[in-house]
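**Q** Here is what each chain is made of, one letter per residue.
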Amino acid sequence: MRTRMRGKRAFLVLTGYVALLSLIIGLIYIIFKNNAPTSLLNNAGKVLTPVLVYVQMGLICLMAPTFSASAISSEREQETFDLLIASLAKPSTILFGKVGAALSYLVLTLFGSLPLIALTYSLGGVDLLDIARVYLVMFVAGVTYCSLSFLWSTLIRRGVVAQFVSLFAVIFLVAAMPALALFFTALASNFSGGPSPSFMNIVFLLLRTNPFAAIASLIPGFAPPQGIWLPNFPVWASQVLFYLLLTALSLYFSLKRLEKVRKWM
Amino acid sequence: MAHLRKKVEMSNSDQTTSMIKLENVTKYYKSFPAVNDVSLEINRGEVFGFIGPNGAGKTTTIKMLATLMLPSEGRLSIGGYDIEREPYEVRRMIGYMPDSFGVYEDLLVWEYLDYFASLYKLGPAQRKRSISDVLELTDLTIKRDAQVMSLSRGMKQRLCLAKTLLHDPEVLLLDEPASGLDPHARIEIRELIRELCRMGKTVLVSSHILTELADFCTSIGIIEAGRLLAAGRIDDITSKLAGNVVLEITVKGDPALALESLAERVEVKRATCDGRIIRAEYTGHSDDVDELLEYLIHRGVRLLGFIRTEADLEDIFLKITRGAVA
Chain G
1 MRTRMRGKRA
11 FLVLTGYVAL
21 LSLIIGLIYI
31 IFKNNAPTSL
41 LNNAGKVLTP
51 VLVYVQMGLI
61 CLMAPTFSAS
71 AISSEREQET
81 FDLLIASLAK
91 PSTILFGKVG
101 AALSYLVLTL
111 FGSLPLIALT
121 YSLGGVDLLD
131 IARVYLVMFV
141 AGVTYCSLSF
151 LWSTLIRRGV
161 VAQFVSLFAV
171 IFLVAAMPAL
181 ALFFTALASN
191 FSGGPSPSFM
201 NIVFLLLRTN
211 PFAAIASLIP
221 GFAPPQGIWL
231 PNFPVWASQV
241 LFYLLLTALS
251 LYFSLKRLEK
261 VRKWM
Chain H
266 MAHLRKKVEM
276 SNSDQTTSMI
286 KLENVTKYYK
296 SFPAVNDVSL
306 EINRGEVFGF
316 IGPNGAGKTT
326 TIKMLATLML
336 PSEGRLSIGG
346 YDIEREPYEV
356 RRMIGYMPDS
366 FGVYEDLLVW
376 EYLDYFASLY
386 KLGPAQRKRS
396 ISDVLELTDL
406 TIKRDAQVMS
416 LSRGMKQRLC
426 LAKTLLHDPE
436 VLLLDEPASG
446 LDPHARIEIR
456 ELIRELCRMG
466 KTVLVSSHIL
476 TELADFCTSI
486 GIIEAGRLLA
496 AGRIDDITSK
506 LAGNVVLEIT
516 VKGDPALALE
526 SLAERVEVKR
536 ATCDGRIIRA
546 EYTGHSDDVD
556 ELLEYLIHRG
566 VRLLGFIRTE
576 ADLEDIFLKI
586 TRGAVA
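Residue numbers (our numbering), protein chains in the order written: chain G, 1 to 265; chain H, 266 to 591.
If we strip away everything but chain G, and leave its shape as in the complex, we get:
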């Protein structure tokens, strides 16, 4: 973390990140202001906040594997891993230290966007509690992607390959589930008499694992379809639980892998 924050790079990346978000929000606001009816302008936050959050979520999907996937691979590539293992650092210390370091920068970028969120919030139409929940969804997603990428880092010797595989795994997690849901929905439209309730449940279950769906369920918010399983259990909560489970599994297998380091070195 110390080396990551040293020099101009960290400052430039963070500034670039906030500038990119500001530019996107600024452009959308100008288009929105010139075209939307006055009644909608009073709730501009309802449009701008999801845009801001989706862009951030997309950036988290890209950044987390970049930060975390080379944690162990790069130590092996730059020949510092032997020194680390021969020290008194326990596998859990290495695991939480590395994941924590990757995560800390991610958290910093989330904090960096807070002034922008404050601006879009002031435009109305969004609940403060929902914004807090959205940030929880994004934070948990960041933790999950960092943990998953760390696991790949312990499995793959070359840093570039580990990063590529981690990125692919994150894209799969984010895109594959909604794609499957869409595919099944399209398939169901060809059924005579429409899809069965259990079929719709499975489709909705897939959506419950997706952070973008979780965010959409909060801002702008949507009502779950009739007759689904656990109708009162919020989509965002189920998504957070699913990702926490994924995190726990990733950390567990990473720890097991590090504990057996002497067998694979």
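Simulated from the structure, these hints should not be mistaken for lab results. All values derive from a computational prediction rather than experimental measurement. Ideal Cβ placement from N, Cα and C applies to all residues, glycine included. Be a bit skeptical, because a hint or two may be false.
So, partial list: chain G residues that the calculated Cβ filter (under 7 Å) puts toward chain H [as the list claims (entries may be wrong)]: (1) Asp82; (2) Ala86; (3) Ser87; (4) Leu88; (5) Ala89.
Chain G is already provided as a structure; the job is to place chain H on it using the hints.
**A** Structure of chain H alone, referenced to chain G:
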């Protein structure tokens, strides 16, 4: 440096305790035995030179001792702690310097040491003192606030040695500590190791450059193709080779005639040539060396020098190894 010196008295009073022990250790890489049935004991305070050509199994043995690898067969222990069952106790006792290592280039020198000091669980006050001590010992105090990436190769090597000493380990495992260094840096590292010897540390230092070890090792082990061919105190091994006088013969012009003449003599077991200097292993009676000199002159060999020397590490190494790997 006080905390680094404190163990001298203890080590002097307990010289014969075995600190490093290998019992029938074998390590396979797939089906290839990199280390083959090696047994070895190194006593407290000893400076053990691990000699062998590249690929002989030195690094694999040291990595196993550093708890980075498990043996396929056999048992290794340091200070009585088993490397397989008690790796953390072993790590507390050892300082390991690998043959090739990286450094965190973006860190400052003191940050690099601070990072490792925290990994060795040193408290803030102790950490500060240790960093200052090892910087002084390795003559890097002036570079305390320099970026690691700005250091020369020799300085990085010294920095790694400084890191190795942070937690004041009793046993040092130094794998080719002077490899790739220029002569000046090589001498500096050699002086440092000598200083560590004076501090009473038990040192296992490997090298394939024999002259590097000859100066400060109390005992040696010669390994080739994974097998330990000889181990013990240098004078013990040398005395085992008693009767073998090494002659250093300097010739004028082409050494071919001299080599041919030496090959004709049964009492000359082996002769190697380096430019105009021939080193010949003489197995005859040491008082009869003059006969060989007379013979060479009689054969028309033009001599510039004819010196009788004691067997050194190089001679011992050549005698013991078969040179299969190098």
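**Q** Now look at each hint and say whether the structure bears it out.
**A** Here is how each hint holds up against the structure:
no. : hint  : result
1   : Asp82 : holds (5 Å)
2   : Ala86 : holds (5 Å)
3   : Ser87 : holds (4 Å)
4   : Leu88 : holds (5 Å)
5   : Ala89 : holds (5 Å)
The structure fails none of the hints (numbered hints given earlier).
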